[in-house]
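Protein sequences appear in the order of chains A and B. Mapping the first sequence onto our numbering, position 422 (from 1) lands on 551, and the numbers just tick up by one. Mapping the second sequence onto our numbering, position 55 (from 1) lands on 220, and the numbers just tick up by one.
By construction, these hints were calculated from the structure, which means they are not laboratory data. If you're wondering where the values come from, they're calculated on a predicted model, not measured in any experiment. Heads up, some of the hints might be wrong.
Stated by the list, open to error - Covered stretches of chain B (in silico footprint by chain A; criterion: 3 or more residues with CB under 8 angstroms from a CB of chain A, positions within the stretch not fixed):
| id | segment |
| --- | --- |
| 1 | 189 to 197 |
| 2 | 200 to 206 |
| 3 | 266 to 277 |
Ideal placement from N, C-alpha and C gives every residue a C-beta, glycine not left out.
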Amino acid sequence: MASELNKLTIAEASSKLRAREITAMQLTRDCLDRIAAAEPRLHAFITVCEKQAFEQARAADARLAAGNAPAMCGIPLGIKDIYATKGIRTTCASRILGTFVPPFDATVIERLRADGAIFVGKTNMDEFAMGSSTENSAFGPTMNPHDTARVAGGSSGGSAAAVAAHECLGALGTDTGGSIREPASFCGVVGIKPTYSRVSRYGVVAYASSLDQVGPFARSVRDAAIIIRTIAGKDVRDSTCSARPVPDYERALTGDVKGLRIGVPREYFVEGMQPEVEQSIRSALKSYESLGASTVEISLPHTGYAIAAYYLVATAEASANLARYDGIRFGLRVNAEDNIALYETTRAQGFGAEVKRRIMLGTFALSAGYYDAYYLKAQKVRTLIRNDFERAFEKCDLIVTPVAPTTAFKIGEKMNDPLTMYLSDIFTISVNLAGLPGMSIPCGHDSNNLPIGMQLIAPPFAEETILRAGDAFERTGAFKPRTAAGTL
Amino acid sequence: MYGPDMERAECYHLRAIAMAETKITLEQVRHVARLARLEWSPEQEERLRADMDEMLAYVDKLNELDTKDVAPTTQVGEAGMPMRDDEVTNRPAADAMLANAPSRERDYFKVPKIIE
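Please build the complete structure, drawing on both the sequences and the hints.
What follows is the structure, given as structure tokens:
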């Protein structure tokens with residue numbers, strides 16, 4: 130019987146590591162054993178970094194022995210394959226970056242390394258973070274650990290599945306339209322998209338720069354708070370990154386939500402939603418009321434326009450960001466007669482169908498004669514969506530909604546229907562358009578035992594509010610997430 | 166429009182709109198492909214045109230909103246762009262930079278001949 134240290138939370142493991150009850154080597158070995166056992170059925174990782182992980186573990190143990198090690202020292206993490214990791218292949222799940230080995234670390238990777246965290250591998254994702262199911266990966270889909278016939282969600286599906294299946298203690302993802310929150314919901318783990326600009330994006334492959342944000346997956350709100358504390362804060366290499374001081378998020382976890390005003394937007398509870406999803410959220414709201422919080426109905430009237438605005442803004446930005454993949458300086462090159470043909474064939478063969486579809490739409494939305502009608506119009510609607518939230522937060526401190534209208538869908542179910550796939554992000558996309566912090570936290574299961582996620586949304590830089598409320602809900606024990614580990 | 170059935174219903178509805186009114190022609194698709202430096206086969210072009218048509222019909226719903234007096238949102242971050250001294254902070258590292266090059270010669274990226 131293995132020791133199964135991989136099942137510990139970050140907070141538990143951190144205190145055991147510092148008390149020298151366990152070693153980082155043992156913890157890393159248990160995670161890598163679990164990866165070896167589960168990966169054939171899960172495919173959460175594109176690259177497993179066994180050798181580097183053990184080297185990091187050895188260094189972490191030396192540091193832990195010396196005393197005063199940071200909270201993340203010796204903690205094994207999964208890293209979405211969108212982060213530049215020095216000396217470790219970084220593919221973004223694309224053929225065009227299939228052999229790319231970055232000569233530098235992303236800022237958040239640098240910060241985690243500095244604190245002694247361990248990287249067990251690079252996790253699977255939708256190519257260039259474009260998707261809601263991790264089916265758009267050039268390496269094949271990730272399976273949901275609760276039911277391997279279903280998707281893990283996306284685009285950060287590998288990170289969510291790896292944490293849910295105890296392959297690592299926490300993970301990093303990115304969220305442009307729901308890419309942390311939706312897979313967290315589908316896999317039954319905690320996932321946070323912090324406020325836009327709270328965390329540096331230097332070294333994170335860009336998809337849609339006005340929407341992209343870095344965030345953690347974990348098996349408890351406290352663990353997610355520990356990771357954000359480590360990665361957030363000013364970075365001179367990302368000019369959009371906020372200089373605001375980073376609070377000690379763990380101190381916000383008081384368990385006290387008395388007097389908290391929770392807004393419940395009527396546009397997020399409509400006919401057609403899976404009934405069990407609505408029931409779970411309603412019952413979580415009752416838990417909050419019994420803790421002394423109040424609920425108030427609010428309206429976010431432009432909710433129905435968010436997906437349309439998003440798919441113009443995001444694709445326009447993507448078409449510009451992905452122009453750099455031209456086969457000249459790095460990545461795939463398909464030789465052709467002249468330079469233009471080289472670009473065209475390299476990009477045609479290097480990018481997958483969904484990425485090309487979005488580049489086309491974005492290029493069209495920015496092209497002469499269509500800019501005002503599409504891109505500018507979408508930016509104006511984005512203002513209306515932001516205003517909705519500003520007005521709503523005059524009446525409440527926090528907004529609670531479902532993360533997705535359904536639980537995890539079947540692999541292949543939405544692959545031939547891009548628009549239906551896009552609609553699975555209907556509850557998460559507005560948060561990116563408005564730049565707000567949002568969290569997904571497990572709050573129930575449907576009749577197939579598939580996890581249901583609750584979304585908590587706060588005003589800009591009020592991460593402490595969602596962390597406090599999420600932690601308070603966990604403490605009630607009203608809902609105990611079913612572990613995915615036993616099913617694999 | 167939220168559950169799977171409603172999603173499907175909305176998509177059928179959209180397809181009906183798309184069929185009624187063409188948003189983008191094959192010629193426009195080819196022009197955009199040229200701008201985006203993407204090569205498509207003739208069969209892919211038609212499928213792509215249909216997909217783009219459907220998406221453009223969907224985003225048309227934005228025109229239900231009057232945005233005459235609304236300012237566009239270009240960034241949601243905090244205002245202002247930080248300034249720094251114009252100093253070189255990264256040392257030359259040609260080998261590291263060229264390690265991922267598809268083709269190199271000495272310290273240069275090698276590309277097909279551009280000027281005859």
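Hints versus structure:
Requiring three or more residues with a Cβ within less than 8 angstroms of a Cβ of chain A, the coverage given for the segment 189 to 197 of chain B holds, as 5 such residues are present. Check result for the segment 200 to 206 of chain B against chain A: holds, 6 residues qualifying (beta carbon to beta carbon below 8 angstroms, three or more required). Proximity of the segment 266 to 277 of chain B to chain A, defined as three or more residues with a beta carbon under 8 angstroms from a beta carbon of that chain, is established by the 6 residues found.
The structure shown violates none of the earlier numbered hints.
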